[in-house]
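Kindly generate the complete structure, drawing on both the sequences and the hints.
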Amino acid sequence: MLEVDNVSVEVNGVTVVRRVSLRVRRGEIVVLMGPNGSGKTSLAYAIMGHPSYRVVEGRILLEGEDVTKLPPHEKARRGLFLFFQNPVEVRGVNLLDLIKAVFEAGGVSGAGVEKLVLETADKVGLKKTLLTRGLNEGFSGGEKKRSELLQAILLKPRCLIMDEPDSGLDVEGVRLLADFIRERAGEGACILLITHYPNLLNYVTPSKVLVLVKGVVKAEGGMELVEKISREGYNGLV
Amino acid sequence: MKRFRERGTTGWCEDMSLGIENITLEEIPEVSYKHRLEITGRVSRSLVEEISRVKKEPEWMRNLRLRALEFFEKARTPQWIPFIEKIDLDEITSLYVKPDVEKTEKWEDLPEEVRKIYEKLKLPESYARYLAGLTSVLDSESVFVGVKEYLRSLGVVMIPMEEAVVKYPNLVREYFSRVFPYTDHKFAALHYALWSGGVFVYVPKNVRVAYPVEAFFFVGREMEGQFEHSLIVADEGSEIVFIEGCSAPRLRKESFHDGMVEIYAHKASKVSFVTVQNWSRNIVNFNNKRAIAEEGATVDWVEGSIGSKFTVTYPSTILRGEGSSTTSTVMSISRGGVVKDTGSKVIHAAPRTTSRVTSKSIVADGGVSIYRGLVQVNKGSKGSASYVECESLILDEKSQSHTYPIVHLLEDDASVGHEASTVKLDEDQVFYLMSRGLRRNEAVSTIIHGFIRDVLKKLPFEFAVMMSRVLDAEFGEYGGVG
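In the order they appear, the protein sequences are chains U and L. Per the working numbering, residue 1 is the first one in the first sequence, and the count goes up by one each step. Per the working numbering, residue 239 is the first one in the second sequence, and the count goes up by one each step.
Don't take each hint at face value.
Claimed, not checked - In silico lysine-lysine, DSS-like type, Cα no more than 25 angstroms apart, as pairs:
(1) L/Lys636 <-> L/Lys662
(2) L/Lys696 <-> U/Lys128
(3) U/Lys123 <-> U/Lys156
(4) L/Lys354 <-> L/Lys272
(5) L/Lys386 <-> L/Lys344
(6) U/Lys100 <-> U/Lys128
(7) L/Lys547 <-> L/Lys636
(8) L/Lys360 <-> L/Lys344
(9) U/Lys156 <-> U/Lys128
(10) L/Lys583 <-> L/Lys636
(11) U/Lys128 <-> L/Lys695
(12) U/Lys100 <-> L/Lys695
(13) U/Lys127 <-> L/Lys695
(14) L/Lys696 <-> U/Lys100
(15) L/Lys583 <-> L/Lys617
(16) L/Lys695 <-> U/Lys115
(17) L/Lys272 <-> L/Lys294
(18) L/Lys344 <-> L/Lys354
If you're looking for bench data, these hints aren't it; they were derived computationally from the structure.
Right, dumping it as structure tokens:
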């Protein structure tokens with residue numbers, strides 16, 4: 001279970017998230033919506049532990065353990081995974097080597113890893129050549145999402161924060177993504193899904209929808225809230 | 239820029255083993271061994287004459303030293319080295335140090351304390367397994383000179399420089415100080431006044447040496463100067479790979495290294511010069527390197543600039559013959575109070591000459607890296623092309639990187655490209671990698687390896703392995719574990 005308990009986040013001294021609380025139980029999909037700049041990504045970064053996104057108030061709990069102050073890799077090792085909206089480019093570091101290094105850090109090595117990466121890349125429709133290119137360098141928007149999806153599948157996290165995983169993906173990609181989310185939720189993972197598009201929500205059923213506006217949770221509900229927002233936008237909530 | 243020769247991992251030196259893969263990276267503790275003769279005091283005419291007398295040199299060499307000394311006394315100290323405010327030669331009291339060791343071809347003949355130093359540096363192993371020849375200079379003199387039968391059978395000459403002066407006077411006179419004259423700058427003049435040690439290599443026409451040769455330089459004490467001179471002459475159509483290794487133990491005070499390398503690459507020859515500079519952090523390293531390439535010849539410089547306190551070195555090539563080419567690749571690490579003032583110089587003095595200069599530097603903990611390069615395309619060097627690429631990765635706010643590229647384009651029909659960039663360690667990249675489960679130090683190390691990867695891919699495999707090990711040793715724990 002992922003619990004965000006009364007969390008406020010500061011970036012360069014500016015409060016961008018104010019006293020947000022949410023809870024994602026195992027097997028649950030919680031959707032976080034909100035207009036651009038409302039603090040969704042800031043919250044995601046803060047949960048994962050980006051040093052510039054400081055949690056100045058409240059706590060983050062993973063399976064009941066307070067992980068607020070843990071560095072990102074410790075959270076990753078406890079099963080937390082951040083699916084990045086805009087994954088950064090890293091020159092000279094390729095996906096294949098990165099995944100191998102991550103597996104190695106977790107005590108798994110050998111030729112089996114490479115085979116697994118290649119097979120999974122094929123399944124998510126990621127071209128083989130992208131596995132050995134600099135991370136996200138020259139990747140299209142959809143390819144970046146597929147690279148994130150590939151890592152999400154391989155690392156088998158117990159808790160996923162997915163920051164707009166559907167933006168830039170084609171129909172086929174959205175379907176693959178939805179399958180993955182359903183499957184992982186079915187296996188008991190907790191999923192915090194940040195999205196703008198109701199399209200993805202045709203495929204996955206959230207147990208709860210939260211709307212973040214100016215860093216504050218302004219509304220909570222179910223699918224009816226999504227429908228309202230797609231009809232009227234965020235106007236009624238801002 | 240298709241005109242440049244791109245090489246894969248195996249294209250360089252045709253799979254040649256360099257024997258540098260497992261070099262010792264740990265700092266060598268203080269060493270002690272006996273000295274037979276030491277010439278100390280201020281740089282003066284009598285001191286220079288004394289060195290010449292000890293070496294039983296011919297008159298022309300003694301006169302060359304004295305002319306260089308005169309120039310040294312008149313020349314001004316270079317003003318363009320911003321971080322090296324003062325090179326205090328009065329601090330360097332031992333200008334010629336002859337260890338109490340008879341020159342030998344056998345490791346077992348060396349005194350035990352000296353042999354142990356070399357064993358620690360894995361030199362006997364490298365020589366046995368990879369090298370066709372090895373000259374090892376201790377302080378001011380060559381103490382181990384190994385030339386394998388293979389090298390002799392090819393007719394290649396590899397002997398200590400001072401022996402060459404006596405044994406091959408005409409050959410040496412033809413080239414010595416012709417590539418890098420003492421009039422170039424004050425420290426070049428000082429070098430010629432005081433030079434001692436180093437190696438002379440002559441590769442006969444059309445001889446391709448399939449194994450590398452190496453010269454290894456070791457400075458044993460503080461307040462000492464090392465002024466070795468190496469001269470490589472590659473005759474027409476020949477090929478050779480020369481490795482230069484440098485090391486010193488941990489010292490209490492500074493020592494000064496003002497060595498020189500002259501390369502003469504005749505028509506269609508190919509010389510590759512690989513430096514693994516791993517001086518200890520007390521060495522002020524002034525290294526003068528220059529080559530002349532005749533028609534169709536190729537000179538490749540590769541330098542891993544790992545150690546030293548200050549390093550000033552600009553491998554240079556004068557492309558004198560039509561169609562000649564050169565590459566220069568320098569990778570440097572500056573950590574703590576270390577300053578690396580490096581760069582490459584290329585003079586295109588003939589048509590259809592090409593050059594490619596690559597510089598990669600990593601600075602951390604207040605280190606300073608300076609790229610100072612020159613590309614000059616002379617009038618008439620039609621169809622020539624040059625490409626310079628220098629990049630720095632700065633790991634923290636305390637460190638600095640500066641770039642001073644100079645281009646003199648005197649010929650319209652030439653293409654010269656330059657690219658320079660300085661990147662700071664990107665915390666978003668670190669965060670991304672950490673979010674996948676890497677510790678901070680692993681993430682930073684991954685980024686550093688990524689930064690240097692494109693260059694390493696084009697270099698000999700063993701050099702790449704060696705540099706990777708150096709980076710792991712230097713930055714494996716950088717930025718803490720948390």
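A quick look at each hint next to the structure:
no.	hint	in the structure
1	L/Lys636 <-> L/Lys662	11 angstroms, holds
2	L/Lys696 <-> U/Lys128	23 angstroms, holds
3	U/Lys123 <-> U/Lys156	16 angstroms, holds
4	L/Lys354 <-> L/Lys272	14 angstroms, holds
5	L/Lys386 <-> L/Lys344	12 angstroms, holds
6	U/Lys100 <-> U/Lys128	15 angstroms, holds
7	L/Lys547 <-> L/Lys636	17 angstroms, holds
8	L/Lys360 <-> L/Lys344	15 angstroms, holds
9	U/Lys156 <-> U/Lys128	21 angstroms, holds
10	L/Lys583 <-> L/Lys636	29 angstroms, violated
11	U/Lys128 <-> L/Lys695	20 angstroms, holds
12	U/Lys100 <-> L/Lys695	20 angstroms, holds
13	U/Lys127 <-> L/Lys695	23 angstroms, holds
14	L/Lys696 <-> U/Lys100	23 angstroms, holds
15	L/Lys583 <-> L/Lys617	17 angstroms, holds
16	L/Lys695 <-> U/Lys115	24 angstroms, holds
17	L/Lys272 <-> L/Lys294	22 angstroms, holds
18	L/Lys344 <-> L/Lys354	14 angstroms, holds
Checked against the numbered hints given earlier, this structure breaks only hint 10.
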